[in-house]
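*Asks:* Go by the hints and put chains B, C and D with the ligands onto chain A.
There are 4 protein chains.
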Amino acid sequence: MLKVGVIGTGMIGQDHIRRLTTVLNGVAVTAVTDVDTAVAADVGGRIGATVHATGEELVGDPAVDAVLVCSWGPTHEQYVLAAIAAGKPVFCEKPLATTQEACLRILDAEAAHGSRLVQVGYMRRFDFAYRALKMAVDSGEIGLPLMMHCAHRNASVPPFYRGDMAITDTAVHEIDMVRWMFGAEVSAVRVLVPRHNRNGGELEDPLLLIMEMADGVIVDVEVSVNIRYGYDIRGEIVGENGTASLGGPAPVAVRRDGRVGVPVPADWRERFLQAYDVELQEWVHAISLGGQPLGPSAWDGYAAAAVSDAGVEALRTGNRVLISLVDQPKLYAEAAG
Amino acid sequence: MLKVGVIGTGMIGQDHIRRLTTVLNGVAVTAVTDVDTAVAADVGGRIGATVHATGEELVGDPAVDAVLVCSWGPTHEQYVLAAIAAGKPVFCEKPLATTQEACLRILDAEAAHGSRLVQVGYMRRFDFAYRALKMAVDSGEIGLPLMMHCAHRNASVPPFYRGDMAITDTAVHEIDMVRWMFGAEVSAVRVLVPRHNRNGGELEDPLLLIMEMADGVIVDVEVSVNIRYGYDIRGEIVGENGTASLGGPAPVAVRRDGRVGVPVPADWRERFLQAYDVELQEWVHAISLGGQPLGPSAWDGYAAAAVSDAGVEALRTGNRVLISLVDQPKLYAEAAG
Amino acid sequence: MLKVGVIGTGMIGQDHIRRLTTVLNGVAVTAVTDVDTAVAADVGGRIGATVHATGEELVGDPAVDAVLVCSWGPTHEQYVLAAIAAGKPVFCEKPLATTQEACLRILDAEAAHGSRLVQVGYMRRFDFAYRALKMAVDSGEIGLPLMMHCAHRNASVPPFYRGDMAITDTAVHEIDMVRWMFGAEVSAVRVLVPRHNRNGGELEDPLLLIMEMADGVIVDVEVSVNIRYGYDIRGEIVGENGTASLGGPAPVAVRRDGRVGVPVPADWRERFLQAYDVELQEWVHAISLGGQPLGPSAWDGYAAAAVSDAGVEALRTGNRVLISLVDQPKLYAEAAG
Amino acid sequence: MLKVGVIGTGMIGQDHIRRLTTVLNGVAVTAVTDVDTAVAADVGGRIGATVHATGEELVGDPAVDAVLVCSWGPTHEQYVLAAIAAGKPVFCEKPLATTQEACLRILDAEAAHGSRLVQVGYMRRFDFAYRALKMAVDSGEIGLPLMMHCAHRNASVPPFYRGDMAITDTAVHEIDMVRWMFGAEVSAVRVLVPRHNRNGGELEDPLLLIMEMADGVIVDVEVSVNIRYGYDIRGEIVGENGTASLGGPAPVAVRRDGRVGVPVPADWRERFLQAYDVELQEWVHAISLGGQPLGPSAWDGYAAAAVSDAGVEALRTGNRVLISLVDQPKLYAEAAG
Ligand SMILES: [Mg+2]
Ligand SMILES: [Mg+2]
Ligand SMILES: [Mg+2]
Ligand SMILES: [Mg+2]
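Protein chains in written order, with the working numbering: chain A, 1 to 337; chain B, 1 to 337; chain C, 1 to 337; chain D, 1 to 337.
Okay, chain A solo, but in the shape it has when bound (with noise of 0.2 Å):
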């Protein structure tokens, strides 16, 4: 049984939470903390789990075997270095860090202590059908992949929502999956903006975000959030015999009113339900068994990062912007593919 302190109990930790004490298997969370003390006590009082004060606190905690971390993304990498300070693993929920440099400190301690300890958030990579896309794509059968059109629609979006969200927020689920899905680093980004969706009011939305990739595949991003209808995750990889595409759960069609329906998820929580219970899952099970994490790594955080501010630069400029990486620790080679 693996016992997790939780580091941010607002709502994301709270539904991480749920998860390790109703749904997994092998785990219990037996710490918690949050910037609001009140609703720490409380989330903690519930399921019997220590309170304390601070996240640093948490980590010390010798009944904290890993640490997950669910607070404000700008106090991600404090907890993360600390826990890696103290050889604890950590989930972090995305992003890794709110600068590049934080990244790179985070690379850096975790390159010092020698081993992987640190996951990100990133879920597509535990969703079934980027799973079975990838199998498509892996196992040669539409040829060497030359391109991928993708969509990332919301049916609408808060009204906090800003223009560089699109691209930090939303389509940073396509960044990194882009980079898990080829093995390759992303070179180059821009961003074309259609007419605006009046949904949006004065947002720019959608976008078309342009990825191309190191070796030579050219990815595309539709990423519309106001488009009412429904979620809708799309992916086609166009490979040199073929293409591959992404299904979805379509449990049911109904034959109804001069049409055949099928239905399309309300939200993320809808599409990936199941890849969260799996992404936690899996990380439970590897650190238990004594190993490192499999899922994204801080490299991954870190790379995400800069293909993400440069397509806010993109966006803001206009301009293909070329990116380019510090060199990959050794530690993270065989995890970038």
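The hints are simulated quantities; they were obtained by calculation from the structure and are not laboratory data. As the structure is a computational prediction, the values presented were derived from the model and not from experiment. Don't take each hint at face value.
Examples of chain A residues lying across from chain C (beta carbon under 7 Å, computed) [unchecked claim]:
1. Leu24
2. Phe128
3. Ala132
4. Ser245
5. Arg255
Ideal placement from N, C-alpha and C gives every residue a C-beta, glycine not left out.
*Replies:* Relative to the frame of chain A, chains B, C and D with the ligands by itself:
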């Protein structure tokens, strides 16, 4: 240019005249007649065709190479016999005749003539999707066929629609189709009656018609004639190693309101428009080249009547009803496969 | 943490033990037993569970809160009765018992106990697609259901598979499913036998099972157990205004070699893996919360046996066979809907 | 009966002659000519048409009501101008002419004539699926269109196929289609070149063509001309509230070998056979009724040339290339939407 005389200028007759004069190649309508002489005069006048007082007179017109019978069902026999007597090709809308006895008289007359003159208007054999389905089966890619599941759905039927018509007017298309698809006769039928659809009031609707083919294939046909959502014709053939299903016209998919929606045709006109065009175009070309018609024969018309009669008896009695056909005249041996 | 004792550590028992110990939340396997004592010792040793000499001894173990019966069918009755006698919840793999009489003895025992202790392992009720289908029907969006078309297809079956098993082992899943889907009992069955699939040698395969529900819904089920192409479970419910069909897992579509191809599951493990997880997880949660099980009841097990027996008679005689059940004990009134 | 003279009796010319003489209604081919006089004599002899020494002579033949230009591209201008000079309707296969300057000379001549005589052979506007797509967009059901994603895939191309042809011969169909679909001109183009498909040797293939429409819609077009699996034309229009996608011909679905497979057309003939028929039938009917042609105009031919030229420049330079058209003559204002 094949010169066609049309007997019956009601709704179906006018639609075929439109087809012959403005859609098809190599054909002209030179003569018309109808029990309603005013309508015949009006239609004939508009297209410059001779208007005859009777069908027999039209058949005898030297400016008529071939005859199209679109009159009221009970009159089909006499006009088909008149055409055979004149040695002229005749396309008769379904049914060939309203009794098996009448069909047999036509078989005798045609056999006496010595070659095929008659084609009956079962148009599914000319539909692109049914043809693709038959090609898939005949290719052997699913192995020997064992079963077929069909559905024949109408959004609604008019008030004069009675229970027997579900067999004689609706399922009769499946009756002809399976005989053609499997190259075998129907040897027994059953009709099961589920809970009624309240959209149809007292009507026994839907029905489940079960046909046993002479070679052991079993076919089930759902007949639903008040199902509101559209006109939907479906079929899946179960073979030893796989199945083949009818696709259909799905020109567009719309993602809207939480659903991916593909339109269903509104009625048989929309679904089979093209099949009617192909049916008559192929008939025109075959006759113009001096050959025999290649579509459903008088034998097919007789067999459909026999199965249809058995279906009505099965519906009324609840029994499994056996079908025995007369010996097939040599003339039709090839057509029946 | 619910403490479960497992009776029967053969293939199914070991798979459920894997599930309970490495997949599910809130449960531990504390005791095992098997007719093959060596296997029981080996399995028990690996997971640190007490190994009992008999099922009755296991039931009596104070470290066993609830019992999972995975032994040979003919022994189900005795272990279920033992658990009821001990007042312990018992999950029994299908069938509940091998005769209707044995099922009735279990109903009597449970009624005497006064509340539900028994759940039977019909897992389709826990499948995401069947649940979505039931939600669509229950929402009223297709109107009152009138018919259902099903297909249950296996790529192949082992040499010991006999004709009756197409009903008792294969179609029995549809028998339970339609009772749950429509909240009604099956009142009559017929079985039609088409031309045989030569892949199955002498086996009567495929079959068309027709069930009449007490409320007038008619269900047809194609059972094909040697169809080579994969494991395919399909269902379409025909309502007054439309239809609802099972979707399924289609994670990826590959365009290759002249075709858009979507994979079909290889077998029931792949298709229903998740349903088995959900089935037991929900059982664990319900029992842990001190409640009665919510899944298929002993009554459901009895009714499945009665319909299954009638199906076998229908297959052997070619007749329509009526089904009459005993009066339903009050205890189950709610569960049967 | 419209009397048509055909200039150019090569492959396309012969196919159109087959269409006009054996498929379409209300039209006869009365005259032919070709640079290869033997071929012209042979083709003309078979259908009983006058064989002319030159296109100009054919245009002047009083037995020619309308002209169909199917000759080599560089000769299109002279024959179209000859027909305009004679005041006869002329259907010109794409391209209208091989330079923008030549197109402008045709615009001037037609404007001088004062009404439309010219139709250019962009046949996608006549395809049932594109028409259904346009109806979906025009209905407003997805809101204002913002983006369109297209793919134009060929299984293979002949050895003489060069890089520019991916724009001028292949993507030119999408260029015309989007102008018609959105009723707006293309204002800028980019071409991105991913890793090459080794099936095409040195050919720059695939390409990603990006078009910016004057109203802000952005269109991306994948052009893959060696993708082996078939001929696949896809399009999805992204609106404010949803999307609409091209369906296509999918007459049959085969379940076999672990997969549900739907066939993809082998080539453009199979995919667009019907569109070619509709294109010419509608032209015949419009001209026969004494009206102007309703299909793609000389302006459309000019605009396609301008965008196509810009596309070639974009491919060669890697730049975003702006397009500026001459002022649109009043004659075409309506046609351009
Ligand atoms: Mg995440
Ligand atoms: Mg007909
Ligand atoms: Mg089960
Ligand atoms: Mg064309």
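*Asks:* Confirm or reject each hint.
*Replies:* Quick rundown of the hints versus the structure:
| no. | hint | result |
| --- | --- | --- |
| 1 | Leu24 | holds (6 Å) |
| 2 | Phe128 | holds (5 Å) |
| 3 | Ala132 | holds (4 Å) |
| 4 | Ser245 | holds (5 Å) |
| 5 | Arg255 | holds (4 Å) |
In this structure, none of the earlier numbered hints is contradicted; all agree with it.
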